[in-house]
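K.L.:
Sequence:
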Amino acid sequence: MKYKTYPLYIITGGPGAGKTTLLNALESIGYLTVPEEGRRIIKEQILMNGEGLPWMNKRLFAKLMFEASVKNYQKIIECGSSGTVFFDRGILDTVGYLRLENIPVPEEMKIIAREMIYHKNVFILPPWREIYENDPERKQDFDQATATYNHMKEIYLEYGYHLNEVPEAPVEKRAEFILEIIEAGSY
Numbered sequence: 326m327k328y329k330t331y332p333l334y335i336i337t338g339g340p341g342a343g344k345t346t347l348l349n350a351l352e353s354i355g356y357l358t359v360p361e362e363g364r365r366i367i368k369e370q371i372l373m374n375g376e377g378l379p380w381m382n383k384r385l386f387a388k389l390m391f392e393a394s395v396k397n398y399q400k401i402i403e404c405g406s407s408g409t410v411f412f413d414r415g416i417l418d419t420v421g422y423l424r425l426e427n428i429p430v431p432e433e434m435k436i437i438a439r440e441m442i443y444h445k446n447v448f449i450l451p452p453w454r455e456i457y458e459n460d461p462e463r464k465q466d467f468d469q470a471t472a473t474y475n476h477m478k479e480i481y482l483e484y485g486y487h488l489n490e491v492p493e494a495p496v497e498k499r500a501e502f503i504l505e506i507i508e509a510g511s512y
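Note that the working numbering gives residue 355 to position 30 of the sequence shown, counting from 1, and the numbers run on in steps of one.
Honestly, the hints are just simulated from the structure, not real lab data.
Predicted model only: the values in this text are computed from it and were never measured.
Fair warning: there could be bad hints in the mix.
To be verified - Under the rule of at most 27 Å between Cα atoms (straight-line distance), these lysine-lysine pairs were calculated in the BS3-like manner:
id, residue 1, residue 2
1, K445, K435
2, K435, K478
3, K435, K388
4, K445, K396
5, K445, K400
6, K396, K435
7, K400, K383
8, K388, K368
9, K478, K396
10, K388, K478
11, K478, K383
12, K400, K435
13, K498, K445
14, K478, K400
Said to hold, decoys possible - Derived DEER-like restraints, expressed as beta-carbon distance ranges:
id, residue 1, residue 2, range
15, E497, E376, 37 to 47 Å
16, K396, I371, 15 to 25 Å
17, A472, K498, 20 to 30 Å
Where a beta carbon is used, it is the ideal one built from N, C-alpha and C, also for glycine.
Could you build all of it, start to finish, from the sequences and the hints given here?
P.N.:
As structure tokens, then:
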């Protein structure tokens, strides 16, 4: 399948693998980044005593996450950004989340995920026990984080993306790894 490639890159993986730290490092050297919606939604839902929380109403949480991811994607496309943009998770992460939770993925969601494409190179961070921490928004244990990683890996491969596993290393080395792959221009 051949389609237009945008300089929109996904950084994905299970929770607690260092995605946000890596995105912050990329942003600090001048790249445009789009933060993860899941954390924002959890904080927002807690403040408003809402039900859209992964430990309360997984379907609603997924719906809110998907809608926010689509909106962020559209905003970047509409602004006509020609520079490299890094997303902390993408539209497909919601599809992977639904599968992880054994919730049927709506057909409309599958269609949108196929139409709203990112660069074929996706960067995936494997579970890393030494840096994994729980916090008010991250209640999963390390085994659940590993299962999430496996589902993300599966869904991105299923949708035809090329996964680049980011090695366990200091954040600067992780950023260098990503930028070297982008500069090489493969895929």
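K.L.:
For each hint, tell me whether it holds in the structure or not.
P.N.:
We went through each hint and held it up to the structure:
1. K445 / K435: Since the Cα atoms of K445 and K435 sit roughly 17 Å apart, the hinted pair holds (cutoff 27 Å).
2. K435 / K478: 16 Å, holds
3. K435 / K388: Since the Cα atoms of K435 and K388 sit roughly 13 Å apart, the hinted pair holds (cutoff 27 Å).
4. K445 / K396: 20 Å, holds
5. K445 / K400: 20 Å, holds
6. K396 / K435: 16 Å, holds
7. K400 / K383: Given that 27 Å is the threshold and the Cα spacing comes to 26 Å, the pair holds.
8. K388 / K368: Distance ~16 Å between K388 and K368 Cα, so the pair holds.
9. K478 / K396: Within the cut-off at roughly 23 Å; holds.
10. K388 / K478: 21 Å, holds
11. K478 / K383: 20 Å, holds
12. K400 / K435: 20 Å, holds
13. K498 / K445: Given pair K498, K445 holds - Cα atoms ~22 Å apart, limit 27 Å.
14. K478 / K400: 26 Å, holds
15. E497 / E376: 37 to 47 Å: 40 Å, holds
16. K396 / I371: 15 to 25 Å: With Cβ atoms ~21 Å apart, the hint holds.
17. A472 / K498: 20 to 30 Å: For K498 against A472, whose Cβ atoms are near 27 Å apart, the range 20 to 30 Å holds.
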